[in-house]
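Chemist: Residue numbers (full-length UniProt numbering), protein chains in the order written: chain D, 1 to 320; chain C, 1 to 320.
In short, the hints are calculated from the structure, not lab data. Some clues are possibly wrong.
Where chains are identical, the list cannot tell them apart; a pair therefore holds if satisfied intra-copy or between any two copies.
List of simulated lysine to aspartate or glutamate pairs, DMTMM-like, C-alpha gap at most 25 Å [what the hints assert, rightly or not]:
(1) 253 - 216
(2) 99 - 278
(3) 99 - 161
(4) 253 - 161
(5) 253 - 217
(6) 253 - 280
(7) 253 - 10
(8) 253 - 265
(9) 253 - 3
(10) 253 - 67
(11) 253 - 56
(12) 253 - 138
(13) 253 - 266
(14) 99 - 3
(15) 99 - 143
(16) 99 - 67
(17) 99 - 124
(18) 253 - 15
(19) 253 - 278
(20) 99 - 11
(21) 253 - 11
(22) 253 - 164
(23) 99 - 50
Note that the coordinates shown come from a computational prediction; the quantities given were computed from them, not determined experimentally.
Listed below are the residues making up each chain.
2 protein chains.
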Amino acid sequence: MSERLGPPLDEPVFDELAIIGIGLIGSSLARAIRRQNAARRIVVADASEEALGRAEALGLGDAFTTDLAEGVRNADCVILCAPVGANAAIGRAIAPALKLGAIVSDVGSVKADVIAALQPVLPDHARLVPAHPVAGTEQSGPDAGFATLFVNRWSILTPPEGADAAAVAQVRRLWEAIGANVEVMEAAHHDLVLAITSHVPHLIAYNIVGTAADLEDVTRSEVMKFSAGGFRDFTRIAASDPTMWRDVFLHNKDAVLEMLGRFSEDLTALQRMIRRGDGDGLFALFTRTRGIRLGIVAQGQETAAPDFGRRVPDDGKAGR
Amino acid sequence: MSERLGPPLDEPVFDELAIIGIGLIGSSLARAIRRQNAARRIVVADASEEALGRAEALGLGDAFTTDLAEGVRNADCVILCAPVGANAAIGRAIAPALKLGAIVSDVGSVKADVIAALQPVLPDHARLVPAHPVAGTEQSGPDAGFATLFVNRWSILTPPEGADAAAVAQVRRLWEAIGANVEVMEAAHHDLVLAITSHVPHLIAYNIVGTAADLEDVTRSEVMKFSAGGFRDFTRIAASDPTMWRDVFLHNKDAVLEMLGRFSEDLTALQRMIRRGDGDGLFALFTRTRGIRLGIVAQGQETAAPDFGRRVPDDGKAGR
Chain D
1 MSERLGPPLD EPVFDELAII GIGLIGSSLA RAIRRQNAAR RIVVADASEE
51 ALGRAEALGL GDAFTTDLAE GVRNADCVIL CAPVGANAAI GRAIAPALKL
101 GAIVSDVGSV KADVIAALQP VLPDHARLVP AHPVAGTEQS GPDAGFATLF
151 VNRWSILTPP EGADAAAVAQ VRRLWEAIGA NVEVMEAAHH DLVLAITSHV
201 PHLIAYNIVG TAADLEDVTR SEVMKFSAGG FRDFTRIAAS DPTMWRDVFL
251 HNKDAVLEML GRFSEDLTAL QRMIRRGDGD GLFALFTRTR GIRLGIVAQG
301 QETAAPDFGR RVPDDGKAGR
Chain C
1 MSERLGPPLD EPVFDELAII GIGLIGSSLA RAIRRQNAAR RIVVADASEE
51 ALGRAEALGL GDAFTTDLAE GVRNADCVIL CAPVGANAAI GRAIAPALKL
101 GAIVSDVGSV KADVIAALQP VLPDHARLVP AHPVAGTEQS GPDAGFATLF
151 VNRWSILTPP EGADAAAVAQ VRRLWEAIGA NVEVMEAAHH DLVLAITSHV
201 PHLIAYNIVG TAADLEDVTR SEVMKFSAGG FRDFTRIAAS DPTMWRDVFL
251 HNKDAVLEML GRFSEDLTAL QRMIRRGDGD GLFALFTRTR GIRLGIVAQG
301 QETAAPDFGR RVPDDGKAGR
């Protein structure tokens, strides 16, 4: 997978850009925008003194404040990078201080709810362009970010009806400048797609790790010891930020419950095949699912290396 | 994760060793045993002419045959590396040809059923020592194997009651020679542990990839495009060998259904939390599951690198 950033911009997309919330995504954005010269000046705002202190120590911006209104005062673009449940409160805090025509964007994993939370509280002159970069790792906090996180990843913009086209174009340029591919989609459709590609996978990963932790016949140490059989992949996902994910499930409830219902129906069918010893049925499903991964690798969204390249054979062709 | 093999043995564990079934695991074994001088002579037997041809081209053994009985005639140790559903038939085919006191072992992911299949068909003089290396990748076939696959992985031996201690010790030495850690366990307990650390994770990965493939509102191309949100990890698991996994579910039915029942109960509880908007309940689970991964990393069974090290930041400390 290519993960190199192109040359920096000659002319920044924004004069001043404010990032609110300096965790994994916010800090990766700050690093990438700085590296690509996508904004002349970066203001970092975060309600947490501790996160802000780390951001300052890491040199992630030009100014740092715990006062969100202060942070956005001169910003041409404000990007909300807090867990989605905080967006309404953040919107209310920054609304009176926003510059005329300021663009307000975000990076949340749910989009319809974010629009519903922000539109009523933002001033009419503000231009809302929600975005969702489909990128991340299981780590969190300002130290976990890196400038190439968005390279060759998709960033999905979900402008509400009547959104300002110029604002959408600027947000698109920002994401493209830091290596992302941009797709525009309706918010409700985004939430349905991400429910199956991201939210439900996280939910079932959290769930099975919880199931394993609660077993009485199998010890926790056995679960960890023999995790290489597949389980450890799930533990990576289930190590993701708890606050962010709590908010995702609370704010994309309908789509998640819909997809979860389908998942459970299918699992019940699979369970019945096992109970009845229907080997042909199992084989047919297991064969069909193989093709999906080939498609993902072909689309450049995944490494083709076995086991994610986690273990690189040291023997090359020798000994084969 | 350390993945280097130690120095080769001065004295092989076995004079002649037969590998039956030359897929990912069989071919990795052949490479590792050769590299570590763990057997003086390796015979490769496989019912498939095609697989055998590849094995010969890759130089994986000293002799090659599609006649299983012929393959084991002089072997001190025979290792069955076919899907577990084939073990009874293979056992019947090799039984009359086995050398007096030959050790018969295997690498199957289920153990109680393998013992039940092999014990009645093997001659009394044969010494059965089932084994399960908890290692693999999503790839299959003789070309996919590599000599370091078992390094720092667990190999679980499940000798049946009354198994010959000397035979168990030899099989242990074989696995240790190729870098594995050895654990001895009762077959039924193995099957329960692996149901939760391996079998059910595979089942739900296959299941969600199937669910996604069947959606009508979300296109397959969208699912692949935006898979980086978590889904693509599941597709790796769901790209595993269909025959092998069909057999696992058919032959570890009880333990899989038991663990699947627990998983489904827990998922129902989680679903209810989402429906009721119980953020505290979600947060509590999502926090608890984080610790399990830290334990796995601490036990050396997983890389600590974010995203499995799939994307190495190219920026190091610069730009941070």
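Chemist: Going back to the hint list, which numbers does this structure go against?
Modeler: 2, 7, 9, 10, 11, 14, 15, 18, 21, 22, 23
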